[in-house]
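J.: With the sequences and hints as input, model every part of the structure.
These protein sequence lines map, in sequence, to chains A and B. Letter by letter, the first sequence follows residues 1 to 459 of the working numbering. Letter by letter, the second sequence follows residues 1 to 279 of the working numbering.
Don't read these hints as lab results, they were simulated from the structure. Certain hints may be false.
DSS-like, lysine-lysine: derived pairs with alpha carbons at most 27 Å apart [as the list claims (entries may be wrong)]:
(1) A:K206 <-> A:K286
(2) A:K212 <-> A:K105
(3) A:K446 <-> A:K398
(4) A:K154 <-> A:K105
(5) A:K433 <-> A:K327
(6) A:K154 <-> A:K104
(7) A:K286 <-> A:K332
(8) A:K131 <-> A:K327
(9) B:K43 <-> A:K286
(10) A:K327 <-> A:K368
(11) B:K43 <-> A:K332
(12) A:K440 <-> A:K327
(13) A:K154 <-> B:K147
(14) A:K286 <-> A:K446
(15) A:K198 <-> B:K147
(16) A:K327 <-> B:K147
(17) A:K368 <-> A:K202
(18) A:K131 <-> A:K332
(19) A:K440 <-> A:K206
(20) A:K286 <-> A:K105
(21) A:K398 <-> A:K368
(22) A:K368 <-> B:K131
(23) A:K105 <-> B:K147
(24) A:K104 <-> B:K131
(25) B:K147 <-> B:K131
(26) A:K154 <-> A:K286
(27) A:K200 <-> B:K43
(28) A:K421 <-> A:K440
(29) A:K108 <-> B:K131
(30) A:K286 <-> A:K200
A few chain B positions that, by computed beta-carbon distances, are all more than 12 Å from chain A [as the list claims (entries may be wrong)]:
(31) G10
(32) Y41
(33) G58
(34) D81
(35) A89
(36) A93
(37) P140
(38) Y144
(39) M227
(40) V229
From the three backbone atoms N, C-alpha and C, an ideal C-beta is built for every residue, glycine too.
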Amino acid sequence: MSMFRNPFSPSRLNRSGCACGQHASLEEHNRFAAEAVDTPAASSDDQISQIVQSAVMRALFPHDESRRLFLKTVGASTALAAISQFFPLATASDVFAQGGPLEKKDLKVGFIPITCATPIIMAHPMGFYEKQGLNVEVVKTAGWAVIRDKTINKEYDAAHMLSPMPLALTVGAGSNPIPYTMPAVENINGQAITLAVKHKDKRDPKSWKGFKFAVPFDYSMHNYLLRYYLAEHGIDPDADVQIRSVPPPEMVANLRADNIDGFLAPDPVNQRAVYDGVGFIHILSKEIWDGHPCCAFAASREFVTTMPNTYKALLKSIIEATAFAQKHENRKQIAEAIAPANYLNQPVTVVEQVLTGTFADGLGAIRKVPDRIAFDPFPWESFAVWILTQMKRWGQIKGDVDYASIARQVFLATETSAVMKEAGLTPPASSTKGFSVMGKPFDPSKPAEYVASFAIRRG
Amino acid sequence: MTTSLPFRAGLLSLVILAIFLGAWHIATAGSTPIANIDPEYAKLLGQTATQGKSAMPGPLDVGRALWTHLRDPFYDRGTNDKGIGVQIAWSVARVAAGYGLAILVALPLGFVIGMSALISRALDPFIQIMKPISPLAWMPLALYTIKDSGLSAIFVIFICSLWPMLINTAFGVASVRREWLNVARTLEVGPLRKAFTVILPAAAPTILTGMRISIGIAWLVIVAAEMLVGGTGIGYFVWNEWNNLSITNVIIAILVIGVVGMALDLVLSRLTRLVSYPE
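T.: In structure tokens form, the structure reads like this:
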């Protein structure tokens with residue numbers, strides 16, 4: 001690993017220093033090591049530029065002795081300045097970081113104006129796309145079906161989708177089968193069941209017979225979570241209540257007009273209903289399944305294979321934005337960046353309540369749930385398997401399902417971990433994990449048995 | 001009662017407007033602050049929830065917001081946030097493109113149908129079936145086949161403005177007075193010359209009426225089409241403001257749509273007057 005050593009140090013072989021050879025003494029080495037642990041995110045770029053500088057230095061002075069002599073006489077910083085005058089080190093570092101020329105720089109990424117899309121949206125005003133040399137236009141879109149069609153038509157290069165959508169597209173549920181990939185999850189948690197204020201006293205789901213509910217799309221986590229929640233309380237989601245698919249922006253208007261009794265929706269819709277005094281938050285989706293995925297960053301397999309460098313740069317900016325959004329101290333700043341008309345078009349206070357987790361619940365109390373919404377890009381294959389079991393459970397897909405292979409084909413866990421590592425994050429070692437939904441454990445290796453274990457199911 | 005009729009009509013219009021605005025103002029003015037609300041909690045809510053303010057804006061709110069829109073109609077703050085003037089321009093451009101294409105198809109085809117009884121009968125069943133289809137029903141099919149949402153919107157405008165023009169042109173051409181055609185025949189006028197100097201001027205008022213109906217329909221449809229495909233245009237503006245539950249801006253958009261629609265109609269009614277003739 002000599003490439004990673006600092007070639008500008010004149011005393012490379014001076015064994016009186018520390019073990020890594022970069023510091024004069026052991027104490028100094030330890031102090032630097034402690035600082036390096038504190039600032040891991042900034043190090044990935046520095047490391048790349050150091051590698052490039054090292055390579056350039058070695059190319060200019062192939063003989064170790066002459067290089068050391070040169071450094072000793074002029075000093076490391078002078079040498080660096082002198083070399084960068086006739087060799088553009090910064091440019092060399094940039095080219096290396098991109099790992100190849102971008103096939104396409106001007107991209108269009110579609111999104112639905114909800115807080116789930118936070119990383120995709122904020123990467124635009126906060127410059128995460130620019131950092132990767134991409135000129136991305138983020139385009140607000142009216143609904144999930146439109147976003148699906150526009151991505152299929154290649155008007156969008158990639159898009160914000162609900163995490164079940166790439167699976168549904170790939171297996172051909174609700175459309176022709178098109179190979180789709182989901183390289184990154186946008187957010188985990190961050191949804192809620194909101195009921196109209198008039199149902200304030202009906203907090204027990206058993207009393208919800210005859211209710212009309214709205215979910216954003218048939219192939220959505222919202223639909224599966226709501227059905228799961230109702231079924232666990234003995235309500236058959238097809239026979240006892242009505243579940244309609246309504247675009248998120250229209251939900252509050254419908255709730256106010258008394259067309260629906262409640263919805264399981266993405267934020268800021270829930271908080272907006274509270275803000276306008278028409279609804280209250282019954283439970284957060286995190287109380288149904290803590291850590292569930294919701295929305296996703298998706299691209300067609302064709303885009304991934306024909307433009308690998310562009311795809312990688314785009315994925316890297318999304319993953320970096322996701323990591324930035326996960327830090328609580330950044331949340332207020334993000335809320336201000338994504339609330340204007342160009343993005344979410346919502347009052348700042350609504351977005352802020354969603355992202356900070358300090359919110360009014362619509363019943364007169366202020367709740368503090370810091371992980372109301374969290375951001376974690378890793379596409380666990382077991383998430384895909386769970387989603388497929390629910391599609392099977394509610395009859396959206398028929399026949400035998402090869403759960404594991406579809407999951408691996410669509411959720412690109414391996415590629416995501418590689419990019420996460422480059423961005424200075426630590427991806428999990430395995431791509432599957434077990435979890436439990438409302439206390440019932442899910443074993444991703446036994447999907448068929450899981451489906452069969454439910455009393456209320458179709459097909 | 002010596003004052004002229006237009007003056008009295010105008011006065012009556014103003015009175016109706018004043019009554020309407022007054023009633024609107026009174027209906028939305030009611031604001032009864034809800035007591036016993038924790039100020040910390042109230043900070044997290046909107047005015048509708050805390051002050052019992054009606055969600056419907058009053059005429060003064062709308063007027064104020066309209067002024068801010070009109071003061072800076074062409075701003076551009078990114079892909080999804082453009083001034084109302086820019087949005088109108090996009091919608092008008094889409095209507096112009098679809099409508100222009102429809103003219104290019106409807107007028108020649110209408111002439112052929114009007115002049116030949118055989119073709120008229122042969123095409124009649126197709127026209128009768130296609131005519132009553134809501135133009136928006138074409139949208140999913142257009143999106144799927146054309147694979148471009150901008151072109152799909154133009155196609156929808158094309159298909160909705162085609163039928164009134166086509167049918168009116170055919171009817172106008174078919175009902176040119178026999179005597180005039182006979183005079184042309186006795187003078188041995190060639191078919192092309194007959195079409196341009198006898199039939200076209202005679203059928204022009206009917207054709208223009210068809211075009212006027214078409215532009216009205218096209219303007220109705222573009223708003224719905226843009227709400228569906230999004231991106232740009234006045235329909236997208238309405239959708240985006242609905243998304244924010246901003247009734248004020250939706251009302252403004254409705255007003256603007258009305259004014260532009262009226263202007264388009266006015267242009268064609270002037271054109272109709274130019275080509276009409278006394279018999």
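J.: If a hint holds in the structure, say so; if it does not, say that too.
T.: Each hint, compared with the structure:
no.: 1; hint: A:K206 <-> A:K286; result: 20 Å, holds
no.: 2; hint: A:K212 <-> A:K105; result: 46 Å, violated
no.: 3; hint: A:K446 <-> A:K398; result: 18 Å, holds
no.: 4; hint: A:K154 <-> A:K105; result: 15 Å, holds
no.: 5; hint: A:K433 <-> A:K327; result: 24 Å, holds
no.: 6; hint: A:K154 <-> A:K104; result: 13 Å, holds
no.: 7; hint: A:K286 <-> A:K332; result: 21 Å, holds
no.: 8; hint: A:K131 <-> A:K327; result: 19 Å, holds
no.: 9; hint: B:K43 <-> A:K286; result: 25 Å, holds
no.: 10; hint: A:K327 <-> A:K368; result: 16 Å, holds
no.: 11; hint: B:K43 <-> A:K332; result: 16 Å, holds
no.: 12; hint: A:K440 <-> A:K327; result: 30 Å, violated
no.: 13; hint: A:K154 <-> B:K147; result: 8 Å, holds
no.: 14; hint: A:K286 <-> A:K446; result: 24 Å, holds
no.: 15; hint: A:K198 <-> B:K147; result: 45 Å, violated
no.: 16; hint: A:K327 <-> B:K147; result: 40 Å, violated
no.: 17; hint: A:K368 <-> A:K202; result: 23 Å, holds
no.: 18; hint: A:K131 <-> A:K332; result: 22 Å, holds
no.: 19; hint: A:K440 <-> A:K206; result: 19 Å, holds
no.: 20; hint: A:K286 <-> A:K105; result: 38 Å, violated
no.: 21; hint: A:K398 <-> A:K368; result: 42 Å, violated
no.: 22; hint: A:K368 <-> B:K131; result: 58 Å, violated
no.: 23; hint: A:K105 <-> B:K147; result: 22 Å, holds
no.: 24; hint: A:K104 <-> B:K131; result: 44 Å, violated
no.: 25; hint: B:K147 <-> B:K131; result: 24 Å, holds
no.: 26; hint: A:K154 <-> A:K286; result: 34 Å, violated
no.: 27; hint: A:K200 <-> B:K43; result: 22 Å, holds
no.: 28; hint: A:K421 <-> A:K440; result: 33 Å, violated
no.: 29; hint: A:K108 <-> B:K131; result: 37 Å, violated
no.: 30; hint: A:K286 <-> A:K200; result: 21 Å, holds
no.: 31; hint: G10; result: 37 Å, holds
no.: 32; hint: Y41; result: 6 Å, violated
no.: 33; hint: G58; result: 17 Å, holds
no.: 34; hint: D81; result: 4 Å, violated
no.: 35; hint: A89; result: 18 Å, holds
no.: 36; hint: A93; result: 18 Å, holds
no.: 37; hint: P140; result: 8 Å, violated
no.: 38; hint: Y144; result: 7 Å, violated
no.: 39; hint: M227; result: 7 Å, violated
no.: 40; hint: V229; result: 7 Å, violated
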